[in-house]
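Q: Okay, here's what each chain looks like letter by letter:
Protein chains: 4
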Amino acid sequence: MVEEQPARRFTQVVELRGHIIDSLMLPRIMEELMGLGVEYEIQQFDVGHRKNDPSYARIELIAPTASLLTTAVREVAAHGATTLDLEEARYAPAPRDGVFPEGFYSTTNLDTDVRIGGTWVRVRYPEMDCGVILRNGAPDCVPLSDTLAGESVLIAGAGIRVIPVERSRGETPIFGFMGSTVSSEKPKASVVRQAAAWIRRARADGRKVLVVAGPAVVHTGARETFVELIRAGVIDVIFAGNALAVHDIEISMFGTSLGVPLDGRPPLESGHEHHVRAINRVRAAGSIKEAVASGILTDGIMHACVTQGIKFLLAGSIRDDGPLPDVITDAIDAQRAMRQCIRNGVGVTLMLSTMLHSIAVGNLLPASVPTVCVDINPSVLTKLMDRGSFQTVGLVMDVGGFLQDLLAELTRTE
Amino acid sequence: MVEEQPARRFTQVVELRGHIIDSLMLPRIMEELMGLGVEYEIQQFDVGHRKNDPSYARIELIAPTASLLTTAVREVAAHGATTLDLEEARYAPAPRDGVFPEGFYSTTNLDTDVRIGGTWVRVRYPEMDCGVILRNGAPDCVPLSDTLAGESVLIAGAGIRVIPVERSRGETPIFGFMGSTVSSEKPKASVVRQAAAWIRRARADGRKVLVVAGPAVVHTGARETFVELIRAGVIDVIFAGNALAVHDIEISMFGTSLGVPLDGRPPLESGHEHHVRAINRVRAAGSIKEAVASGILTDGIMHACVTQGIKFLLAGSIRDDGPLPDVITDAIDAQRAMRQCIRNGVGVTLMLSTMLHSIAVGNLLPASVPTVCVDINPSVLTKLMDRGSFQTVGLVMDVGGFLQDLLAELTRTE
Amino acid sequence: MVEEQPARRFTQVVELRGHIIDSLMLPRIMEELMGLGVEYEIQQFDVGHRKNDPSYARIELIAPTASLLTTAVREVAAHGATTLDLEEARYAPAPRDGVFPEGFYSTTNLDTDVRIGGTWVRVRYPEMDCGVILRNGAPDCVPLSDTLAGESVLIAGAGIRVIPVERSRGETPIFGFMGSTVSSEKPKASVVRQAAAWIRRARADGRKVLVVAGPAVVHTGARETFVELIRAGVIDVIFAGNALAVHDIEISMFGTSLGVPLDGRPPLESGHEHHVRAINRVRAAGSIKEAVASGILTDGIMHACVTQGIKFLLAGSIRDDGPLPDVITDAIDAQRAMRQCIRNGVGVTLMLSTMLHSIAVGNLLPASVPTVCVDINPSVLTKLMDRGSFQTVGLVMDVGGFLQDLLAELTRTE
Amino acid sequence: MVEEQPARRFTQVVELRGHIIDSLMLPRIMEELMGLGVEYEIQQFDVGHRKNDPSYARIELIAPTASLLTTAVREVAAHGATTLDLEEARYAPAPRDGVFPEGFYSTTNLDTDVRIGGTWVRVRYPEMDCGVILRNGAPDCVPLSDTLAGESVLIAGAGIRVIPVERSRGETPIFGFMGSTVSSEKPKASVVRQAAAWIRRARADGRKVLVVAGPAVVHTGARETFVELIRAGVIDVIFAGNALAVHDIEISMFGTSLGVPLDGRPPLESGHEHHVRAINRVRAAGSIKEAVASGILTDGIMHACVTQGIKFLLAGSIRDDGPLPDVITDAIDAQRAMRQCIRNGVGVTLMLSTMLHSIAVGNLLPASVPTVCVDINPSVLTKLMDRGSFQTVGLVMDVGGFLQDLLAELTRTE
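Chains as they are written, first to last, in our numbering: chain A, 366 to 779; chain B, 366 to 779; chain C, 366 to 779; chain D, 366 to 779.
Simulated from the structure, these hints should not be mistaken for lab results. Be aware that one or more of the hints could be misleading.
Put simply, identical chains are the same to the list, so a pair is met inside one copy or across any two.
[Said to hold, decoys possible] EDC-like cross-link-like pairs, simulated, lysine to aspartate or glutamate; straight-line CA separation at most 16 Å:
#1 Lys654 / Asp691
#2 Lys654 / Asp664
#3 Lys416 / Glu406
#4 Lys676 / Asp691
#5 Lys416 / Glu531
#6 Lys416 / Glu404
The task is simple: from the sequences and hints, build the whole structure.
A: Dropping the structure here:
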């Protein structure tokens, strides 16, 4: 006769603090636990009575196996829950240059604390899919390719705390917390206004305005407006690829875009060569800056960057023609250069009509940097917005129209 | 000297009950209040300690003006909050056939209760954008076009309670509560499994399986699989348009789809006429059923519907050729016919490659009917999924592949 | 011993006249014959030496079977080739109301001649997928649903001549003959200029400017510009659906579009009801015209149509809420009403952000009416442009930007 | 008194040979001349009487200015017309490494001849947007970045002849010459059959089958079928990026794709880290090949490549995590490596669900290599197909379904 055994119970108590309801921290944790098949008991719940009051919850997780409990603790920690017994974080040495030890902690783009010497120390430069390395005793986010053999790499588990993004208390929200993509069927004025507000706040905070732009900015006729934004001092840094610069310069040198005359004349078969001829001339000059200095490049976006002293960074891709001499052709070098710019203090990002560069920059940005993505193609936004937070807005719109509206909004109120 | 006036305060207390955190009822209400600029104080909060325990919250809304308070009460009521003082619902007579009185209560597709004689009475047939009319003393959801002059129409305000959809406690969830659209980058097996589970549950409950299908089901080569699903008894009702039936019949009569031979022969210029010739033959026969009876239609989807006794409903559109004699050409008549089918007990809906019909059916369905939308075009899903709930899943996929996987899943396990 | 038989040869001589090379008539015929596996011999070829000179070709088709020869003759006839022996066209009576006789000639949207009494008589009202019926001795294009039992319906075969669209000799072309869809990567100025030129020519010829518009015209903020175009007298007829009118009227009555305030305030949950309330008020008034007369509708597109006396035609669909009292809910009745407008003399068509209505109108239009399709979604254009001719241009663009540019272009030069 | 001057006339005679009508050479030239406003007179036209007979045309171009005549001659030359007076080609030295002389001839991807010593010499390795350099006395296509200072670079103008792609005479065509993109509404069997035919012909000719694949091949469940195609020996070379390899390896190591379990279990929050852990392990091993050798990578696409000895080439991009040690991170180095593979004898290319890599490879391929592009997103195909020739087919389809159908087709008939 088989005697029925009482079910085994493995338990752990975790805590949550902050705006845990409307930041979705608690709902997400409940969702995750139900998905895992882990029971929970909310032992204590002190709700914040007014909107600025933090809440507190103490929750016991109850799992039928030890390994499921471990999984559950790790998962809820990723949403910001911490265990009661605050152990120190642990480390292991990197076995080789560019290789993390097994079990390394893989970062999110959220603010993260590490338990060092009994206190929580904030990790610098939060960025997705990196490791955390102690450098000069302090934890830094470091990408795989920049790790050196022997460095102390943070191990996943105890002593790590993630801080979810919370909804701003001080400003009127423009969107509900879900569905931050604005489809072609919705009014756009509010997104433009939000972008302008974020830009003004970044500038007030002494932080930079980063624009990530694809060649469609040029093709769709937004070039003049973009130049106006540069001249108005709105933009501090531009990340783009070879194509944006080439087509901008093609217009300046030949009056055509992808070989098509901008003045409405019919395109010539030979017009398609113009972009290669433009590249060749800049290569002959040595660089875009030298092309401006020598008088062969006299207007447009790249010209405005040079004359206004705007930082621009052109990252290469395998579909590039040429490329222009300024292009950083190595992808890892380009990431390093972009990372350095971002860590230098970016306060807001506009991503305009480029999937490749937008995803690349999105990988490097902390979640705390508000971001507006504009593309005429909703499927680009769907891909970009998957990581969406309160701080990210997608807008299905012609980029030219967006820039005009943005310029008007910034000019109107400043 | 101007004396500063103390700020005016207008307050109202509301209550929430149920799984108010993970159903997002409470986070949404907090979001809404912050958006409106209405302060709140959570006076009481009894959290459900385990996953099946309901929670309870009593919240005081505090607004600077009476009208803003009224707005806030109305908005939080739409998320399921009720006032403490439970008044009876109020009504006004419809001024004309097909016209509601001003101030009428406009329905959602959620379960809704009306306060009648001191008790909550559930509204029958929840459907978006309708009115609620007392018929034989009980509240029914009625569309504008079916209202009769003088009927008692529910007025927005007191005595109405909306019940948000809650996450099922009993089943392992396949998705988080947000982002239920499955993009082309994610595995599809889990969606197919969920669809199969919903179909089995609907059949176990004696409810019908409704398929809403666009002509791409035929064009993309899914016709044979669709016929297999019909023959396997999986499908109870089909909603479609003229085009699906015409192209299905074109294949049967001419071996071409939109004039293109299915056997890989090159298309002929004159092939484009086949669909009109097919329509003409069915019109000559009198109906699809008579075409089957007279032996001129011998295979395919419509043939299978006739021989298997499957209900099909073809709704007309202004882009129709012909149309086939079975098509209901009047849009309001077609809506009435679809509504009658749905109210007859639909338990799950598959929407396959049709934006027009999917939106039309989505308008008519209660939120409680689980729905899977499959389309190769993500922007169709984006539009369809705006109303998304825990019960709706979008899948970017070739419809033929989906139906094959679904058939395999249903066959494998039953 | 099997004796090898000489291959059978079935031949027929056909003729081509006109700009048979650059209208692609001859290349298409050669393509078609190679596809069919039919040999040909060009017996005579008199090339037009200058661009305005017509060319002439006499071609012998050589097929291995009689039936393949018949197919080949029919196919090349659809591209404009005629046989040498000009027989009279043949007819058969319609067997029932709404039914053509088997073997009926199915029309294209190209100009077509019928051989009657030894001369070529032009068919009136060319339209795709119709029949040709002799009414008062002259051939008219008639849709299936409007045929009466006993009428003389043209039979496919001898005595029919199709006239391909030729490239205009008189104007500078804006596009090559292929690839007339303008993607988001190409300059748009030339398309706007072409649209303006077509509009001016239509007006100079006393023909009407037809706009087919979807609700996105309102949602995307193009409403004001659209009203300006109406007031400027640019538009003569508008085809739309319930949704465009409803959302236009919602803005006028509630200041919201799909419930979202246009002034940038955050949307309210209850805002989604506004469109139903707007519909209800117009139903109470009796019609859009009466709503304007009674002072409850005071601005916007529909108001401008009423006050400027612009013809508008609202066709119903199964996804409509309400609908507005002006909507023609029966699809066939709506087609008849649109057909009557078109036959009344439309000289140019703009299709703005609507797939359903654009396809419906495209089905009704002769190929000779120049058409510009504007949509932010390239896949809509791909579907619309399949029938593309020299006269049709697709433009991937925000409709608001297009209308602004068009208004500027028309204002600038007139 | 002003005397009216007779109009100036500048003329040049050009010749065309070959299948100049159905290859569209002549229609395109006529189109181009009308666009330029250049008159022409066809002085002689000898039509090919049967389908295999070449035609011949001698055309006089008549322009009002010398410069317009020069433009016209250059434009018609790009379509294959040659002047009567066959001068030798001219050259100029490259001024610097990586820089062409002004006026250089910019290549197309069409076969091109250069006039050297009174005969036409075919340029090796036709590729778009390159220069032609005499190396060992013979003309080679050379990209900008590979040019050395002082090399003899071909100058645009005399002595150059482009050979348009002609329609194959020997095979039944599957498509008309226009509209080679197959939308989601058309049957796909014929495209699959065409792809299989091209693959068989390439193998019969001893040429390689190149597959360019994006990560969606893995995400959408096509991985197993892809492995079967590799094992069946169908594929010779694979071009991909870091992402395809990473996600393939993630499945092998963790059973998840982008963190989502393939067996239908719900995704864990921490699952998103799996791809970084997979990268890290391969970096620790040293390379994909060493990971297979050491037993940590035991199945999937990359494993099959290693065990079957299939050449794979992973090109880096700025959005890469890691990357894997096999990735060529420099874009120009990656182009060089791809170019070398292609010049080694590629006979057919399949482009599967990747815009970036497909465009990159499309830039490097001669027009004579037949290419099938498969993507679920029609706008990707629209961009890819702009350069479309008779040899390129686009197919809107789930890539998994395509590969299954292709495997079935290749297995069935071989």
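Q: Can you list which hints this structure breaks, lowest number first?
A: none
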